[in-house]
Amino acid sequence: MTREEAYVKLNKVFQEVFDDEEITVNDATTANDIEDWDSLEHVNLIVAVEKCFGIKFNIGEVTSMKKVGDMMDLILAKAV
Amino acid sequence: MSLTAFHYLTFLAVTVLLYYVLPRKIRWIGILAGDAYFLWHGNSLTELLVWLGMALFTYAISTCVNYLTEEKSKKAITMLGVITLAGALILLQDSSFFGLPDLNVSPMGISYFSLSWIAYLVEAYCGTSPVQKNPLKFLAFAGFFPLLTSGPIVKYKEVGENVTSGNALSLDNVTNGAARIAWGFMKKLIIADRIAIFINTVYGNPYRYPGLFFHVANAFFIIQLYADFSGCIDIALGSAEMLGIKLPENFELPFLSQTLEEFWRKWHITLGGWIRDFILYPILKSPLFQAIGKTSKKLFGKKTGKKVPVWIGLMISWFLVGFWHGGGWNYIFGVGLLFGTIIILGQMLDPVFAWILKILQVNTEALSWKGFRIVRTWFFFGTGLSFFRAGGLMTGFRNLKLAYTSFNPWIFFTGELYELGLDRTDFNILFFFLALVAIVGIVRFRTGKSIRALMAEQNALFRWIAYALLVYAIIIYGCYGTGFHSASFIYQGF
Numbered sequence: 001m002t003r004e005e006a007y008v009k010l011n012k013v014f015q016e017v018f019d020d021e022e023i024t025v026n027d028a029t030t031a032n033d034i035e036d037w038d039s040l041e042h043v044n045l046i047v048a049v050e051k052c053f054g055i056k057f058n059i060g061e062v063t064s065m066k067k068v069g070d071m072m073d074l075i076l077a078k079a080v
Numbered sequence: 001m002s003l004t005a006f007h008y009l010t011f012l013a014v015t016v017l018l019y020y021v022l023p024r025k026i027r028w029i030g031i032l033a034g035d036a037y038f039l040w041h042g043n044s045l046t047e048l049l050v051w052l053g054m055a056l057f058t059y060a061i062s063t064c065v066n067y068l069t070e071e072k073s074k075k076a077i078t079m080l081g082v083i084t085l086a087g088a089l090i091l092l093q094d095s096s097f098f099g100l101p102d103l104n105v106s107p108m109g110i111s112y113f114s115l116s117w118i119a120y121l122v123e124a125y126c127g128t129s130p131v132q133k134n135p136l137k138f139l140a141f142a143g144f145f146p147l148l149t150s151g152p153i154v155k156y157k158e159v160g161e162n163v164t165s166g167n168a169l170s171l172d173n174v175t176n177g178a179a180r181i182a183w184g185f186m187k188k189l190i191i192a193d194r195i196a197i198f199i200n201t202v203y204g205n206p207y208r209y210p211g212l213f214f215h216v217a218n219a220f221f222i223i224q225l226y227a228d229f230s231g232c233i234d235i236a237l238g239s240a241e242m243l244g245i246k247l248p249e250n251f252e253l254p255f256l257s258q259t260l261e262e263f264w265r266k267w268h269i270t271l272g273g274w275i276r277d278f279i280l281y282p283i284l285k286s287p288l289f290q291a292i293g294k295t296s297k298k299l300f301g302k303k304t305g306k307k308v309p310v311w312i313g314l315m316i317s318w319f320l321v322g323f324w325h326g327g328g329w330n331y332i333f334g335v336g337l338l339f340g341t342i343i344i345l346g347q348m349l350d351p352v353f354a355w356i357l358k359i360l361q362v363n364t365e366a367l368s369w370k371g372f373r374i375v376r377t378w379f380f381f382g383t384g385l386s387f388f389r390a391g392g393l394m395t396g397f398r399n400l401k402l403a404y405t406s407f408n409p410w411i412f413f414t415g416e417l418y419e420l421g422l423d424r425t426d427f428n429i430l431f432f433f434l435a436l437v438a439i440v441g442i443v444r445f446r447t448g449k450s451i452r453a454l455m456a457e458q459n460a461l462f463r464w465i466a467y468a469l470l471v472y473a474i475i476i477y478g479c480y481g482t483g484f485h486s487a488s489f490i491y492q493g494f
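Chains as they are written, first to last, in the working numbering: chain A, 1 to 80; chain B, 1 to 494.
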């Protein structure tokens, strides 16, 4: 899976979790860029990403993601 | 050794000197020596041995995690480490909560360092933190003396390497660190220890001082706790800065928060962050909570349903925040469940509030509305804290009853407030320095720059005069000696 292909899927996850079809994310996107992305919604997002890509993040990874680019790096490293 | 004792300043000066005299490669030995001296003075021999046992145990577990390759074994050994450290914290600190005798062997700072070490083990297992292979370097981090009084609760990946890296001498670091220490001394000795005299008088005799006496004392307690705790953190962060080590901030202008939720993101930040990362997130990610989420979405719809597991997780987290403060129901209720309930009710009723505001055509951007929300947040926080200060759950409720069943506004005009241990001069000193802290906070809020960054832009002569005045003020107006003794830090007891 290329980064671009992964972003197509990831954008859908973001749109679904935050109920906003306008959302598109990139490597530089952070929680500050999306209004409802707070620490509590973060877990819902993580679980939705895990389901979508068939992967699991450990708790250290969940708390280490500072921007969407970090999340994407982990997705590509884990997704087969 | 209290951080506000002259002994501490001498110790710090010697440690900083030793650190920079040593070659850079072995500068961490200067920190290790400082840690050893600080731990030796702050603990009995048994407590010291307990600390050393826990530290070496944590080192051994992290080493095993680092060398093991099989996932199952890594997980099992990490669980063993986490459960043992958490068990030691609960048994040594809160044994009375379970009806067990107090063993009296709790090492200083156990509530802080045990959480740091648990985070270290979990992150070592997750592969998101480096692992320190040198046992002595690990001990230099584990016992890093500025953290042992009241935190902050740090992560190894943020601080550990910096403790052992051997930082270059920087005059800016040394002077900035010293200035921050002086600022912490001012908060503690001039504000916290002075205002405490009034609070102790009222809380010591609540039947004599009901109604507004109590409300004033309780408002003062918010100030005392902030000045005391953030003052201690200033001294800790300043001490580390003198060694070129940056520790995480624990406060970020909490009193400008408009909601209790926001307040707790800015007050005792490192505890809130730890609870979120290592309690709330694992709970919410667990299969059980995912199943609860699925069911609640079916029952209440997507929007509300997905919040149900979060609310349950939040209440568990708030229970633990309260429990961490001390194994008593006044802490669990006052600094835990009460705040959790207010935050969750706020989220539940958010649509109702939004509807009322719309009907009443309230301008939510107006300064008056924001001011109201800030004062409301102080009120909620202060109410919870009154249980913290009361020392018992039922005592807390009794105090509130006395506060709300007596009406005595004349105390503001009869001079009675000056008869509770602080005279007019004390009040003037108090309000002057409180105003100084408030101005510094507002400048930070408006400019985004810390006062020290702004001072660094000024001429050296002005800067040094300001620092000298601060030190002079601490010596003249600080609370020392009989009646005005330098008390222990409130959060040191946890």
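No lab work stands behind these hints: they were computed from the structure.
Cβ coordinates follow ideal geometry from the N, Cα and C atoms, glycine included.
Take the hints with a grain of salt, since some may be wrong.
From the structure, some residues in chain B lie toward chain A, with a derived Cβ separation under 10 Å [claimed, not checked]:
hint, residue
1, K246
2, R265
3, K266
4, G273
5, R276
6, K285
Hint by hint, here is what the structure shows:
Because the closest C-beta pair between K246 (chain B) and chain A is about 17 Å apart, greater than 10 Å, the hint is violated. Hint on R265 (chain B) holds. Least Cβ distance to chain A is approximately 8 Å, under the 10 Å limit. The interface hint given for K266 (chain B) is broken, as the beta carbon of that residue sits about 13 Å from the closest beta carbon of chain A, more than 10 Å. Of the supplied interface hints, the one on G273 (chain B) holds, with its beta-carbon coming within about 9 Å of a beta-carbon of chain A, less than 10 Å.
Look at R276 (chain B): its Cβ gets to within about 6 Å of chain A, closer than 10 Å, so that hint holds up. A cut of 10 Å between beta carbons decides the hint on K285 (chain B): the least distance to chain A is about 6 Å, and the hint holds.
When the structure is compared with the earlier hints, violations turn up for hints 1, 3 and for no others.
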